Amino acid sequence: SGSNNMHEVSCKYGCHMAFSNKSCQQEHETHCTLQPFECPFPDCSWFNQLRSLDTHIYLAHNEVDLNDNTTFIVNFGSEFNHSSYVAGPSNTGPKRLGFLQLVKNRLFVISVLGNFQSMQVYIYIQYLNDNPNWSSTAALEVSHPDGMLHQWIGRVQPLSFSPTKIISRQMCLIFNITLDQLAAAPFSLHSKIRTHELG
8 SGSNNMHEVS CKYGCHMAFS NKSCQQEHET HCTLQPFECP FPDCSWFNQL RSLDTHIYLA
68 HNEVDLNDNT TFIVNFGSEF NHSSYVAGPS NTGPKRLGFL QLVKNRLFVI SVLGNFQSMQ
128 VYIYIQYLND NPNWSSTAAL EVSHPDGMLH QWIGRVQPLS FSPTKIISRQ MCLIFNITLD
188 QLAAAPFSLH SKIRTHELG
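Counting along the sequence shown from 1, when you hit position 43 you're at 50 in the working numbering, and nothing is skipped either side.
Hints are computed from structural coordinates only; laboratory data are not their basis. Watch out, some of these pointers could steer you wrong.
[To be verified] Okay, derived cross-link-like pairs now, SDA-like style, lysine to any residue, Cα gap no bigger than 20 Å in a straight line:
no., residue 1, residue 2
1, Lys19, Cys51
2, Lys111, Thr78
3, Lys111, Gln42
4, Lys199, Ile80
5, Lys29, Glu45
6, Lys19, Lys29
7, Lys19, Pro43
[Claimed, not checked] Per label pair, the in silico range of CB-to-CB distance:
no., residue 1, residue 2, range
8, His151, His14, 31 to 41 Å
9, Leu66, Gly154, 32 to 42 Å
10, Asn112, His197, 18 to 28 Å
Given the structure is predicted, the values throughout are model-derived calculations rather than measurements. C-beta: ideal position from N, C-alpha, C; glycine also.
All chains should be built: construct the whole structure from the sequences, respecting the hints.
Take a look at the structure:
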């Protein structure tokens, strides 16, 4: 246990990378492409290594927007829209929509979670494959049915961050909505992504 920096430690996912200390190892493991991972779309049962997730998404969820500045139409009242639609077990459960955006060969997943019980909508964006040499920021903007404009600007988080973690740390756009608006009225979601290599 007193190994300190005397011995190298290896990635627990078996990618054969070795690190001089535990903190470097743990930092790497948050974005190791060999880690087991679930598809971010909750209606999908895919579970495999993170490095295979982009291929799966392109094949199974093929609605990918190729612009860094785009507008999606969010409609919880219809199962037919340009997204992967997931309804809760009843009309009182949460409903979730997913959108995909490809910017500079990086795939971003935008999740829209509508909750009938809290009367809130949560919109957050995550990137697919973590690369410590890249940094991405995003601006999310919603034209609300009540005429209000809601905005969030911040750093894009990895898919390894759970929705609970993102929402609790307010790394997302949050706004209130009525039951009628959530069930029926579509609204516009504007997404603008900036991604660049560090250094």
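Quick rundown of the hints versus the structure:
1. A C-alpha spacing of about 26 Å is found between Lys19 and Cys51, which places the hinted pair above 20 Å, so the restraint is violated.
2. Among the hinted pairs, Lys111 with Thr78 is consistent with the structure: their alpha-carbon atoms are about 18 Å apart, no more than 20 Å.
3. Distance check on the hinted pair: Lys111 and Gln42 sit about 24 Å apart at the alpha-carbon level, beyond 20 Å; violated.
4. Between Lys199 and Ile80 the CA atoms are separated by roughly 15 Å; this keeps the pair inside 20 Å, and the hint holds.
5. In summary, the hint linking Lys29 to Glu45 is not supported, as the alpha carbons are separated by about 26 Å, beyond the 20 Å threshold.
6. Distance hint between Lys19 and Lys29 is fulfilled; the C-alpha atoms sit about 11 Å from each other, no more than 20 Å.
7. Distance restraint check for Lys19 and Pro43: the Cα-Cα separation of roughly 11 Å lies within the 20 Å cut-off, and the hinted pair is therefore satisfied.
8. Checked against the hint of 31 to 41 Å, the pair His151 and His14 fails, with Cβ atoms roughly 56 Å apart.
9. Under the hint 32 to 42 Å, the C-beta atoms of Leu66 and Gly154, about 40 Å apart, fit the expected range.
10. Here the CB-CB span from Asn112 to His197 is close to 22 Å, well matched to the stated 18 to 28 Å.
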